[in-house]
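Using the sequences and the accompanying hints, generate a full structural model.
What follows is the residue order along each chain.
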Amino acid sequence: MEVPTMSELPTGVTRHTFDGTDRLATRGEPVYGEPTDGAWRAWNPNRSKLGAMLELDMDTGLAGGETVLYLGAASGTTVSHVADFAGPTYAVEFAARPVRDLLDAAESRPRLFPLLKDARKPETYAHVVESDVDVIVQDVATRGQARVALENRRFLADDGRLLLAVKARSEDVTREPAAVFADVREELSGGYEILETERLEAYHADHLGIVARPR
Amino acid sequence: MNTTDGWFADVDRDDPDAMATAVREGHADEPRDWPAIALEAGFADDEDDYYDAVHEATMAATRAAVTERERADDRQLVHAVRAMDDCSRTANELAERLAEWAGTIDPEAGTGVAYARELARGETDDALEEPVVRSLAARVADLADEADDLRAFVERQTPAVAPNLAALADPVLAARLISLAGGLEELAKKPSGTIQVLGAEDALFAHLRGHAPSPKHGIIYTHDAVRGTHPENRGSAARAVAGKLAIAARVDHYSGEVKPELEAELAERIETIQARTAGDDGGADDE
Numbered sequence: 001m002e003v004p005t006m007s008e009l010p011t012g013v014t015r016h017t018f019d020g021t022d023r024l025a026t027r028g029e030p031v032y033g034e035p036t037d038g039a040w041r042a043w044n045p046n047r048s049k050l051g052a053m054l055e056l057d058m059d060t061g062l063a064g065g066e067t068v069l070y071l072g073a074a075s076g077t078t079v080s081h082v083a084d085f086a087g088p089t090y091a092v093e094f095a096a097r098p099v100r101d102l103l104d105a106a107e108s109r110p111r112l113f114p115l116l117k118d119a120r121k122p123e124t125y126a127h128v129v130e131s132d133v134d135v136i137v138q139d140v141a142t143r144g145q146a147r148v149a150l151e152n153r154r155f156l157a158d159d160g161r162l163l164l165a166v167k168a169r170s171e172d173v174t175r176e177p178a179a180v181f182a183d184v185r186e187e188l189s190g191g192y193e194i195l196e197t198e199r200l201e202a203y204h205a206d207h208l209g210i211v212a213r214p215r
Numbered sequence: 001m002n003t004t005d006g007w008f009a010d011v012d013r014d015d016p017d018a019m020a021t022a023v024r025e026g027h028a029d030e031p032r033d034w035p036a037i038a039l040e041a042g043f044a045d046d047e048d049d050y051y052d053a054v055h056e057a058t059m060a061a062t063r064a065a066v067t068e069r070e071r072a073d074d075r076q077l078v079h080a081v082r083a084m085d086d087c088s089r090t091a092n093e094l095a096e097r098l099a100e101w102a103g104t105i106d107p108e109a110g111t112g113v114a115y116a117r118e119l120a121r122g123e124t125d126d127a128l129e130e131p132v133v134r135s136l137a138a139r140v141a142d143l144a145d146e147a148d149d150l151r152a153f154v155e156r157q158t159p160a161v162a163p164n165l166a167a168l169a170d171p172v173l174a175a176r177l178i179s180l181a182g183g184l185e186e187l188a189k190k191p192s193g194t195i196q197v198l199g200a201e202d203a204l205f206a207h208l209r210g211h212a213p214s215p216k217h218g219i220i221y222t223h224d225a226v227r228g229t230h231p232e233n234r235g236s237a238a239r240a241v242a243g244k245l246a247i248a249a250r251v252d253h254y255s256g257e258v259k260p261e262l263e264a265e266l267a268e269r270i271e272t273i274q275a276r277t278a279g280d281d282g283g284a285d286d287e
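These protein sequences, in sequence, are chains A and B. Everything in the first sequence is counted per full-length UniProt numbering, starting at 1 for the first residue and increasing by one. Everything in the second sequence is counted per full-length UniProt numbering, starting at 1 for the first residue and increasing by one.
None of these hints come from the bench; they were simulated from the model. Virtual Cβ for every residue (Gly too), placed ideally from N, Cα, C. Treat the hints with care, as some may be off.
[As the list claims (entries may be wrong)] Distance windows between CB atoms, simulated:
{"#": "1", "chain 1": "B", "residue 1": "D170", "chain 2": "A", "residue 2": "D172", "range": "25 to 35 Å"}
{"#": "2", "chain 1": "B", "residue 1": "E263", "chain 2": "A", "residue 2": "D183", "range": "17 to 27 Å"}
{"#": "3", "chain 1": "A", "residue 1": "A178", "chain 2": "B", "residue 2": "A83", "range": "47 to 57 Å"}
{"#": "4", "chain 1": "A", "residue 1": "T197", "chain 2": "B", "residue 2": "E40", "range": "20 to 30 Å"}
{"#": "5", "chain 1": "B", "residue 1": "R156", "chain 2": "A", "residue 2": "D132", "range": "33 to 43 Å"}
{"#": "6", "chain 1": "A", "residue 1": "A157", "chain 2": "B", "residue 2": "S255", "range": "40 to 50 Å"}
{"#": "7", "chain 1": "B", "residue 1": "P231", "chain 2": "A", "residue 2": "K121", "range": "40 to 50 Å"}
{"#": "8", "chain 1": "B", "residue 1": "P231", "chain 2": "A", "residue 2": "E176", "range": "34 to 44 Å"}
{"#": "9", "chain 1": "B", "residue 1": "E96", "chain 2": "A", "residue 2": "A205", "range": "51 to 61 Å"}
{"#": "10", "chain 1": "B", "residue 1": "D149", "chain 2": "A", "residue 2": "R175", "range": "38 to 48 Å"}
Structure below.
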């Protein structure tokens with residue numbers, strides 16, 4: 001496998017100049033008061049773990065147009081950008097309050113499908129989310145993040161990608177993040193082959209970005 | 001619909017309500033290639049049409065689910081807990097009045113709400129046949145029943161509105177704190193020192209005027225971790241409880257996620273505090 005020095009951004013994502021600074025951007029209706037320029041809206045890596053992974057040149061394998069299952073969509077900050085460049089995007093979020101904002105983001109995005117469901121219980125949405133999705137993006141702040149990824153593996157195509165942001169403080173506030181990450185990787189390797197990991201420290205404290213594919 | 005069917009299996013493409021219900025209530029063991037299956041079954045004309053239907057159905061389903069969860073909002077809780085307190089206070093007041101009256105007729109007359117219930121059921125002395133006395137007793141019993149119903153409502157609703165707060169305190173205490181603060185958002189914005197003395201305003205202002213010690217706790221006195229701690233260490237316990245309750249209120253208001261670790265952290269802290277008196281010699285502590 002060739003090692004690219006700089007990962008290509010997916011089609012539909014670009015670097016665009018906002019007020020003199022180069023920033024990641026996608027095209028769509030603004031969602032969270034981000035700067036816009038024409039059709040482009042800035043993608044803030046400080047508010048989005050996937051944004052941070054792209055900003056850090058991780059090889060996400062995203063090309064644009066994929067079918068996506070997004071776990072932990074919250075108020076739709078990141079998933080709105082994903083829906084801007086991807087294909088059908090299923091957004092799962094468990095908390096009712098942020099989902100109200102997610103609904104607003106989905107209003108103008110006909111291929112963004114909001115679901116008020118618990119990512120730890122895939123059988124409650126397996127009747128809606130199709131099999132063999134190309135990408136699972138996971139950003140859930142609960143204990144057992146590796147288990148959530150394993151449980152949802154059934155949705156992922158054999159050559160699909162898991163893009164996971166692990167939050168150390170959700171697993172155990174008192175432990176050293178590095179130790180938590182080691183445990184998560186260990187558990188995750190029961191169902192996934194880990195391709196790349198990177199600390200997201202520059203944008204998100206105590207987070208680890210992981211790119212993996214099903215084993 | 002059985003567990004190998006997609007959400008569209010038993011619904012009509014022209015029936016938005018049924019589509020939304022299928023998304024909300026359905027389930028399947030494993031995902032399948034739903035778009036292809038839906039086209040084969042004639043549910044949709046083409047893939048675009050299918051995804052349009054998914055968008056329509058998930059939007060409607062999720063909007064309905066969110067509305068339902070949020071209808072259980074904190075305002076309802078504030079009213080319910082205040083009504084509950086009003087009902088039980090009034091019931092007690094009237095029960096006293098009743099006991100006083102009944103005592104003039106029957107020297108054996110009892111007191112309190114329990115006695116009013118007896119009287120209302122006609123289980124007392126014949127001398128108390130006076131209809132107005134019995135009728136008053138029936139009002140007291142009704143009010144006490146109403147208070148019980150309201151308590152049951154509060155206990156049911158609080159975990160939906162503030163799951164973390166209700167898990168950390170008991171649901172009624174959680175609702176009282178929300179009520180005293182004026183709402184969940186207001187509670188979430190209060191520092192833990194304020195939450196610690198909510199409900200002890202008289203004592204607090206006496207202290208601020210300079211002629212009383214500062215109150216150690218307000219309504220959170222009813223929390224088991226405070227009440228169950230030796231008076232000497234109750235201040236520490238109240239501080240620890242208030243701190244965690246403040247965090248719980250913020251999580252409930254701003255994120256709504258359930259954080260079971262809060263409960264474990266509080267239990268651990270309280271154990272440390274209570275161990276001080278158990279050891280009797282005070283022992284070393286981190287404060």
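Evaluation of the provided hints:
no.	hint	result
1	B:D170 with A:D172: 25 to 35 Å	holds (27 Å)
2	B:E263 with A:D183: 17 to 27 Å	holds (22 Å)
3	A:A178 with B:A83: 47 to 57 Å	holds (53 Å)
4	A:T197 with B:E40: 20 to 30 Å	violated (41 Å)
5	B:R156 with A:D132: 33 to 43 Å	holds (42 Å)
6	A:A157 with B:S255: 40 to 50 Å	violated (32 Å)
7	B:P231 with A:K121: 40 to 50 Å	holds (46 Å)
8	B:P231 with A:E176: 34 to 44 Å	holds (39 Å)
9	B:E96 with A:A205: 51 to 61 Å	holds (59 Å)
10	B:D149 with A:R175: 38 to 48 Å	holds (46 Å)
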